[in-house]
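**Q** So the chains spell out like this:
Number of protein chains: 2
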Amino acid sequence: MAKQLTFKNLPHKTIERLSQYRRALLLCLSNGKTHIFSHEIAKIQHITSVQVRRDLMLIGYSGTLRKGYNIQELIDLIGNIIDSEEGINVAIIGMGNLGRALINYFTGKRHKLEIVAGFDTNPDKIGNTFSGVECHSITELNKIIKQKDIKVGIITVPADQTTETAKTLVKAGIKGILNYTPKPIDVPDDVYLEEYDMITTLEKVAFYVKMSDE
Amino acid sequence: MAKQLTFKNLPHKTIERLSQYRRALLLCLSNGKTHIFSHEIAKIQHITSVQVRRDLMLIGYSGTLRKGYNIQELIDLIGNIIDSEEGINVAIIGMGNLGRALINYFTGKRHKLEIVAGFDTNPDKIGNTFSGVECHSITELNKIIKQKDIKVGIITVPADQTTETAKTLVKAGIKGILNYTPKPIDVPDDVYLEEYDMITTLEKVAFYVKMSDE
DNA sequence: TTATCGCTGTTAAATTTATAACAGTGCAAA
DNA sequence: TTTGCACTGTTATAAATTTAACAGCGATAA
Ligand SMILES: NC(=O)c1ccc[n+]([C@@H]2O[C@H](COP(=O)([O-])OP(=O)(O)OC[C@H]3O[C@@H](n4cnc5c(N)ncnc54)[C@H](O)[C@@H]3O)[C@@H](O)[C@H]2O)c1
Ligand SMILES: NC(=O)c1ccc[n+]([C@@H]2O[C@H](COP(=O)([O-])OP(=O)(O)OC[C@H]3O[C@@H](n4cnc5c(N)ncnc54)[C@H](O)[C@@H]3O)[C@@H](O)[C@H]2O)c1
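Heads up: the protein sequence lines correspond to chains A and B, in order.
The first sequence begins at 1 in my numbering and counts up one residue at a time.
The second sequence begins at 1 in my numbering and counts up one residue at a time.
Simulated from the structure, these hints should not be mistaken for lab results.
Given the structure is predicted, the values throughout are model-derived calculations rather than measurements.
Heads up, a few of these hints could be off.
Same chains, same label: a pair holds when it works inside one copy or across any pair of copies.
Claimed, not checked - Below, simulated DSBU-like cross-link-like pairs (lysine-lysine); rule was C-alpha separation at most 30 Å, straight line: (1) LYS67 / LYS143; (2) LYS148 / LYS112; (3) LYS171 / LYS143; (4) LYS109 / LYS204; (5) LYS125 / LYS13; (6) LYS143 / LYS13; (7) LYS43 / LYS171; (8) LYS8 / LYS125; (9) LYS43 / LYS148; (10) LYS13 / LYS204; (11) LYS146 / LYS125; (12) LYS33 / LYS148; (13) LYS148 / LYS67; (14) LYS125 / LYS43.
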């Protein structure tokens, strides 16, 4: 009997890397490449080729011995694993500098993941469209989340509005939150949460720069 | 003889958490709190109190038994460890949507870490000041990096300009790079590199949302 | 034809990171 | 004054993640 590949217990780090592999592979494909070796992927991602082969083993993909991995096949397989078949709709709350930068960057990049609505409190923004994403009043959030079957929310409101925004999202039945404000939030266990603060990353870089000096 | 605390081999994850602890502590301080327990810090950061105590043990900080940790003292100690005494200057290359959002967010947030220059190729931007940061021509990068003793660069140029920008920075003697473009870069071993792509994070959130559905 | 080379796929080992377990402490209430 | 309690600090254990080791394979070329 073949090994059961459920993908339910892939390591978290592997999930992240699969997304990164795909990004790199899409670029290679657009450059006309059709096959790639594990050590080439590794170099791009600053990791080892063993790591790459191990990850691909976990998802059950086999390359050919002489030519390496078929880029298109691998892209498709990664898609089968990390994408949701029917697609996942995303909303962004807070159409300020960061929110608009993210929308502008993300829109059209992925088939199965789409930012389908923006929300704000500022009347000057409500009703406008930014990079193809319409900005709605926050008062309509609950309605539109349900209407458009939005599962994931990205929070880019001012820090002091974060807690309230998170509550609103949870109440509307959101299943995942990506919080870009510097204010950590609390969510129920059934909501998946990621938080990111650029200052932490920048301080980490600064720390290791300082260390290399000493 | 007291244990030698060099901080050179603190776990990477501990470094990240120290930055996050400080962010949380600064907020608590501004709310008038003077002391805090490990489980309170833990709750904010979505980790366990053991983790917090272990991290603080590694940096040699002791709280008082009944009142917990002195917030101001802990902030100062974390600063002594992760900040560079003389401060570190940062430049941002690419004053577009994302670059300006980051500048606007970061400016004034930390004493020992300052964005002191921006660079762009667009004549409309060069000479202007954004959130207090002056935008220079990219042709002046080398000169200004040296003049202002800039050690860290943040890359927010269009993806296809990334490789070239990274090369320019390395040649100018930069010691750390934070790359926000989706194009991974290569740097020499003595340059510390962090890369971040929002799509990876968003795809991770989407993946676990999808998984919880099945 | 046979040896060599540079890949892949997989199991084993090492390292890193997180969690558990528990002794020690000082206040508070009995 | 003694017992319980709610913390801290530290060592021991476990889990997650990475790296190493190596067998197998197929093209290439001697
Ligand atoms: N994680 C990072 O790396 C990073 C980087 C930059 C900014 N930030 C954070 O992101 C957030 C947004 O930053 P910005 O520069 O875009 O700020 P901004 O002021 O430009 O944008 C905030 C937007 O949110 C809207 N808003 C305010 N209250 C709201 C509410 N209750 N509901 C919905 N919308 C509301 C405002 O009208 C505005 O359009 C801030 O919290 C900032 O600290 C994070
Ligand atoms: N990591 C993330 O989460 C994330 C989010 C959004 C955008 N991005 C990426 O960040 C980058 C910037 O995005 P944006 O929305 O700000 O784009 P943008 O077009 O608004 O800004 C790019 C800026 O770079 C300048 N520029 C172009 N070539 C340059 C060069 N050679 N040297 C210096 N400056 C140059 C342009 O004049 C412009 O001002 C893009 O690569 C985008 O893909 C990343």
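**Q** First find the shortest C-alpha distance between LYS125 and LYS13 inside one copy, then the shortest across copies, and answer within, between, both or neither for a cut-off of 30 Å.
**A** Close neither inside one copy (38 Å) nor across copies (39 Å); limit 30 Å.
**Q** Is it within, between, both or neither when you check LYS109 against LYS204 at 30 Å Cα-Cα?
**A** Both: 29 Å inside a copy, 15 Å across copies.
**Q** One pair to classify: LYS8 and LYS125, alpha carbons no more than 30 Å apart. Within, between, both, or neither?
**A** Classified as neither: same-chain Cα gap 41 Å, cross-chain 48 Å, threshold 30 Å.
**Q** With identical chains treated as interchangeable, where does the CA-CA distance between LYS125 and LYS43 reach 30 Å or less: within a copy, between copies, both, or neither?
**A** neither (43 Å within a copy, 35 Å between copies)
**Q** Classify it for me, LYS67 with LYS143: is the Cα-Cα distance of at most 30 Å met within a copy, between copies, both or neither?
**A** neither (51 Å within a copy, 46 Å between copies)
**Q** Between copies, within a copy, both or neither: which fits LYS148 and LYS67 at Cα up to 30 Å?
**A** Answer is neither: 44 Å inside a copy and 49 Å across each miss the 30 Å cutoff.
**Q** Can you tell me if LYS148 and LYS112 fall within 30 Å by alpha carbon in one copy, between copies, both or neither?
**A** Answer is within: at 14 Å inside a copy they meet the 30 Å cutoff, but 45 Å across does not.
**Q** How would you label the pair LYS146, LYS125 (within, between, both, or neither) given a Cα cut-off of 30 Å?
**A** within (22 Å within a copy, 42 Å between copies)
**Q** Given a CA cutoff of 30 Å, do LYS43 and LYS148 count as a within-copy pair, a between-copy pair, both, or neither?
**A** neither (40 Å within a copy, 33 Å between copies)
**Q** Evaluate LYS33 and LYS148 at a C-alpha cut-off of 30 Å and name the case that applies: within, between, both or neither.
**A** Classified as neither; 38 Å inside a copy, 43 Å across copies.
**Q** Reference check for the pair LYS13 and LYS204, CA-CA at most 30 Å: within, between, both, or neither?
**A** both (19 Å within a copy, 10 Å between copies)
**Q** Under a CA distance limit of 30 Å, which applies to LYS143 and LYS13: within one copy, between copies, both, or neither?
**A** neither (35 Å within a copy, 40 Å between copies)
Checked against the numbered hints above, the structure violates hints 1, 5, 6, 8, 9, 12, 13 and 14; every other hint is satisfied.
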